[in-house]
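A.B. asks: Read off the chains here:
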Amino acid sequence: MTALLSIQAVTKVFGGLTAVDNVNLDIEERSITSLIGPNGAGKTTLFNCLTGLHTPEAGQILFDGRSLIGLRPDEIIARGVARTYQNIRLFGRMTALENVLVGQHLQLRASHWSAVLRSARQQAEERAARSFALELLAFVGLESHAEVVSTNLPYGEQRLLEVARALGSRPSLLLLDEPAAGMNPSETDRMMELVHRLRDEKGVTVFLIEHDMKVVMSVSESVAVLDYGEKIAEGTPEEVRANARVVEAYLGPEVVLQDTVATSDI
Amino acid sequence: MTPIRANGAIRNGLIAFAFLGYLILIGIPGRIGGAALPVLALVAALFFWVRLRRDASGTDGSFPQTASPTGKPGWEIGAPGHTVSQEQVMPLPGAGGALAIRSGLLAGITTGLLIAIVSFAFASAIGSGASIQPVLDKIVPVNVAALIGVSPGQIANDEVPTLRYLLLVLIFTAAGLLAALAVVAARVRNPQKAPVARLSKSLDSQLYRTVARFTGILLPFLLLAYIAWLGIPGVSAFGSNEGTVRLLLTLIATGSGLFALRLVRPGREQNVVAPLLALGALTMPFILDQFQNSVMGLVFIFVMMGLGLNIVVGYAGLLDLGYVAFFAIGAYTYAFLSAPFSSPYISSLLNLLAISPEIPLLGYWTALPVAMLTAAIGGILLGIPVLRLRGDYLAIVTLGFGEIIRLFMLNLGELTNGPRGILEISQPGLFGLAPQSFSSGFLSSQGWIFLLALISSALVAFVAIRLNDSRLGRAWFAMQEDEDVAEATGVHLVRTKLLAFAIGATFAGMAGQLYASRQINIFPENFSLFVSIDALALIIVGGIGSPAGIVLGALALKGLPEVLRGVDEYRIVTFAALLVIMMIVRPAGILPSARRRTQVAAPDEQALTPGAEEPVAKELDGDTARQAQAASPQSEAVRDKEDQ
Numbered sequence: 001m002t003a004l005l006s007i008q009a010v011t012k013v014f015g016g017l018t019a020v021d022n023v024n025l026d027i028e029e030r031s032i033t034s035l036i037g038p039n040g041a042g043k044t045t046l047f048n049c050l051t052g053l054h055t056p057e058a059g060q061i062l063f064d065g066r067s068l069i070g071l072r073p074d075e076i077i078a079r080g081v082a083r084t085y086q087n088i089r090l091f092g093r094m095t096a097l098e099n100v101l102v103g104q105h106l107q108l109r110a111s112h113w114s115a116v117l118r119s120a121r122q123q124a125e126e127r128a129a130r131s132f133a134l135e136l137l138a139f140v141g142l143e144s145h146a147e148v149v150s151t152n153l154p155y156g157e158q159r160l161l162e163v164a165r166a167l168g169s170r171p172s173l174l175l176l177d178e179p180a181a182g183m184n185p186s187e188t189d190r191m192m193e194l195v196h197r198l199r200d201e202k203g204v205t206v207f208l209i210e211h212d213m214k215v216v217m218s219v220s221e222s223v224a225v226l227d228y229g230e231k232i233a234e235g236t237p238e239e240v241r242a243n244a245r246v247v248e249a250y251l252g253p254e255v256v257l258q259d260t261v262a263t264s265d266i
Numbered sequence: 267m268t269p270i271r272a273n274g275a276i277r278n279g280l281i282a283f284a285f286l287g288y289l290i291l292i293g294i295p296g297r298i299g300g301a302a303l304p305v306l307a308l309v310a311a312l313f314f315w316v317r318l319r320r321d322a323s324g325t326d327g328s329f330p331q332t333a334s335p336t337g338k339p340g341w342e343i344g345a346p347g348h349t350v351s352q353e354q355v356m357p358l359p360g361a362g363g364a365l366a367i368r369s370g371l372l373a374g375i376t377t378g379l380l381i382a383i384v385s386f387a388f389a390s391a392i393g394s395g396a397s398i399q400p401v402l403d404k405i406v407p408v409n410v411a412a413l414i415g416v417s418p419g420q421i422a423n424d425e426v427p428t429l430r431y432l433l434l435v436l437i438f439t440a441a442g443l444l445a446a447l448a449v450v451a452a453r454v455r456n457p458q459k460a461p462v463a464r465l466s467k468s469l470d471s472q473l474y475r476t477v478a479r480f481t482g483i484l485l486p487f488l489l490l491a492y493i494a495w496l497g498i499p500g501v502s503a504f505g506s507n508e509g510t511v512r513l514l515l516t517l518i519a520t521g522s523g524l525f526a527l528r529l530v531r532p533g534r535e536q537n538v539v540a541p542l543l544a545l546g547a548l549t550m551p552f553i554l555d556q557f558q559n560s561v562m563g564l565v566f567i568f569v570m571m572g573l574g575l576n577i578v579v580g581y582a583g584l585l586d587l588g589y590v591a592f593f594a595i596g597a598y599t600y601a602f603l604s605a606p607f608s609s610p611y612i613s614s615l616l617n618l619l620a621i622s623p624e625i626p627l628l629g630y631w632t633a634l635p636v637a638m639l640t641a642a643i644g645g646i647l648l649g650i651p652v653l654r655l656r657g658d659y660l661a662i663v664t665l666g667f668g669e670i671i672r673l674f675m676l677n678l679g680e681l682t683n684g685p686r687g688i689l690e691i692s693q694p695g696l697f698g699l700a701p702q703s704f705s706s707g708f709l710s711s712q713g714w715i716f717l718l719a720l721i722s723s724a725l726v727a728f729v730a731i732r733l734n735d736s737r738l739g740r741a742w743f744a745m746q747e748d749e750d751v752a753e754a755t756g757v758h759l760v761r762t763k764l765l766a767f768a769i770g771a772t773f774a775g776m777a778g779q780l781y782a783s784r785q786i787n788i789f790p791e792n793f794s795l796f797v798s799i800d801a802l803a804l805i806i807v808g809g810i811g812s813p814a815g816i817v818l819g820a821l822a823l824k825g826l827p828e829v830l831r832g833v834d835e836y837r838i839v840t841f842a843a844l845l846v847i848m849m850i851v852r853p854a855g856i857l858p859s860a861r862r863r864t865q866v867a868a869p870d871e872q873a874l875t876p877g878a879e880e881p882v883a884k885e886l887d888g889d890t891a892r893q894a895q896a897a898s899p900q901s902e903a904v905r906d907k908e909d910q
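Heads up: the protein sequence lines correspond to chains S and U, in order. Numbering of the first sequence is given in this note's numbering, commencing with residue 1 and proceeding in unit increments. Numbering of the second sequence is given in this note's numbering, commencing with residue 267 and proceeding in unit increments.
By construction, these hints were calculated from the structure, which means they are not laboratory data. Among the hints, a few may not be true.
Stretch by stretch, here's where chain S covers chain U in the computed footprint (C-beta under 8 angstroms, at least three residues) [to be verified]:
1) 368-380
2) 394-403
3) 723-737
The following residues of chain U were derived to be distant from chain S, with all beta-carbon distances above 10 angstroms [said to hold, decoys possible]:
4) Ala364
5) Thr476
6) Leu673
7) Leu696
8) Asp750
9) Val751
10) Val757
11) Leu795
Simulated restraints, written as ranges between beta carbons of each label pair [to be verified]:
12) U:Leu647 with S:Arg109: 48 to 56 angstroms
13) S:Arg109 with U:Arg531: 30 to 38 angstroms
14) U:Asp555 with S:Arg109: 48 to 56 angstroms
No experiment lies behind these values; they were computed from the predicted model shown. Don't be surprised by glycine CBs; every beta carbon is placed ideally from N, CA and C.
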């Protein structure tokens, strides 16, 4: 099985700071991979490199065998890489439904003239887009909030809506940036279940950044750890948990010897 | 409580007096004539009503934004039963009624007494021959007489009956009472009573709503009929002010037509009323005279501008202060194509091609696509360099672009004839007919321009609304909300921005062409920065993003100043005051778009939605609470220390 996403020696430098340093990572199709690491480790920067918000100084990113380097964000999402954001970035004054419709922007092909004339084809396309959007809202559990202006949604539901918007583009790879941040336990459970369903029902490959170790350990099939921009470990959750460098990165060098008692509480 | 209430009432009376006093000082009573006193009393009553309603509800000064019962997103969240609606603003217990009436009366008496005293002082000063006109230039017999309700001769001869002043006080007291009664009546409809009473009240309010709705729908037609009647030769009213009054009524009729459109129910009712309203609008150019038509023509040219600028500013969120550039490009393109040309460069070029420069190259209709295309190209040329700019920087660069085009017109004398302008631009014809042949009799030349402006605006509005309702409109709005995320969601920023600039510019180009044929002669000074500012102001006043609001904004900003022309040099001050009041009363514009309305209402709703962080943190055990904190990156360092 070849990797869906292949990150090869990617380096991103801001001024004198190397935010992402020579990172190599392969993500298999239909897998769930977590990216963890202390704050400032370069996780979100790596996501930004993947989605075209930053251009890496060196390295190669292959998605489905083709390079993503140098593409604009809208070209990258057209290839099938969608994402959510660490600090929720919805289109605040648009309704939940409209947010998902914007997510489908690239799927819609009708010309602007046909929109003015309301041609039958354009109308049919709009109807289909609307019902697909409602379907996605139902998938994340927001079907009853379709007409709610998105800033008025509770925090946890805004995160779900971001996922629905990302799904609007029918991605094959979904990047989730801290999907469970700020959620209460029941919302976190709902999010974990959603991550599984994304893969199982939608066939989407999921690559997520997460701090909540409960989520990371229960959801992911493999985990990669970044520290100061470098990848320091990779493997199954159990392997990573037992890795001495990971423990050191999280807890500092002096507690390494205390090992598993501390790490289980990361 | 009572003394505070009394103070409040007297303060209301004083404010009303200050406002009316200003109107008296700028000579409004003299302009209105016999109807002055009732009109002033009505203004006072309106003011009292606003103040009393505020006092009764105990909220702050702004009007409550009432929710329309249908199609309103966002209302269903939060605690059930706590909806933001009319009921919310009148929850005073029963004793409030008498209090409201008392404070209404007190306010009315205060205003009435003060106005009586002032008018007595003015009347006796004029009667005794004191020369106050050099100091207060509008305090002349006509004005004071209209205020007191007597003839100017009686003022001059100082023979005003004392009873008149008493009547003055009584009228304003009645205004206060009227306002108080309106507030009390509104409170009676508050449905927090016994079930039977509640049922009868709801029937009552149903009836009330139906009556109000039908009045609203009929109003534009009644006004139109009245305007038409006033236009019949021989009929006269309002003395020398008939033209101004008719213009004012036309503005009101147009505006009320828009409100009527909102009042009709979709379906059969709409299918009947909407065409009738359109028909009514189309008859206006035929019944108005040259002056009114020319003002209305300008208003609707600005409606087209506003609709175009609204695409750039309201939909796509790109602040463009140089919008006049495209208006100028449209106007000059048509001028080049249709004026018997006096610019040396083009004349010699035409001679070279063996075409007589005396005959217009193209007529209005054949030139239309050319003007639109040229303006669109101008829009794209402006758009390309500003693609990467946002906010303030974008505003400054576009501002510069507007000035560049104007200076270009001014200084390239070879091509544009410089400050001497381009003269004798030809008029729009119809199917090869010269404009004079059909516009002489029943349709004045300005009426023809108005008619064209009306039809073009309708067309432009249609296109704008449809585009906004498509994926392009969603992409524009998404871009306005968050440009980076919109791009990462698949919106092609370059294409989407340039489309906004190009479509906006096209509409401005159409407007410019019509403007050129309306003016006949155009000069660079017609296209100053102030045109951009007017266009921007009218969409802000009307309500950004709302086509109906833009029409109202244009009526208010381009129409009202012409009506206020009667008050001479006070026109601009009065107008500015009206604008300030309007922006306080309706901050989102006169007729805001649905999106802006929710934005204004948002603070209320935020209170209704349970805050995400605080309630969550409380019910969590220590471990997960820290994860909740992890939402803010700074807290992570703290968290790591805790773990150690």
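A.B. asks: All the hints need checking, so say for each whether the structure fits it.
C.D. replies: Results of checking the hints against the structure:
1. 368-380: The restraint on the region 368-380 of chain U is violated, since only 0 of its residues have a Cβ under 8 angstroms from chain S and three are required.
2. 394-403: The restraint on the region 394-403 of chain U is violated, since only 0 of its residues have a Cβ under 8 angstroms from chain S and three are required.
3. 723-737: As far as the region 723-737 of chain U goes, the hint holds, because 7 residues have Cβ atoms under 8 angstroms from chain S.
4. Ala364: Holds, because the least Cβ-Cβ distance between U:Ala364 and chain S comes to about 40 angstroms, which exceeds 10 angstroms.
5. Thr476: Holds: least Cβ distance 27 angstroms, greater than 10 angstroms.
6. Leu673: Fine: 34 angstroms to the nearest Cβ keeps U:Leu673 off the interface.
7. Leu696: Nearest chain S Cβ is 25 angstroms from U:Leu696, so the label holds.
8. Asp750: It is violated; U:Asp750 is separated from chain S by about 7 angstroms at its closest Cβ, not greater than 10 angstroms.
9. Val751: U:Val751 is in fact no farther than 10 angstroms from some Cβ atom of chain S, at 5 angstroms.
10. Val757: violated, 6 angstroms
11. Leu795: Consistent with the label, U:Leu795 stays out of reach of chain S, its closest Cβ about 30 angstroms off (over 10 angstroms).
12. U:Leu647 with S:Arg109: 48 to 56 angstroms: Violated: the Cβ-Cβ distance is about 28 angstroms, outside 48 to 56 angstroms.
13. S:Arg109 with U:Arg531: 30 to 38 angstroms: holds, 35 angstroms
14. U:Asp555 with S:Arg109: 48 to 56 angstroms: Between U:Asp555 and S:Arg109, where Cβ atoms are some 52 angstroms apart, the hint holds.
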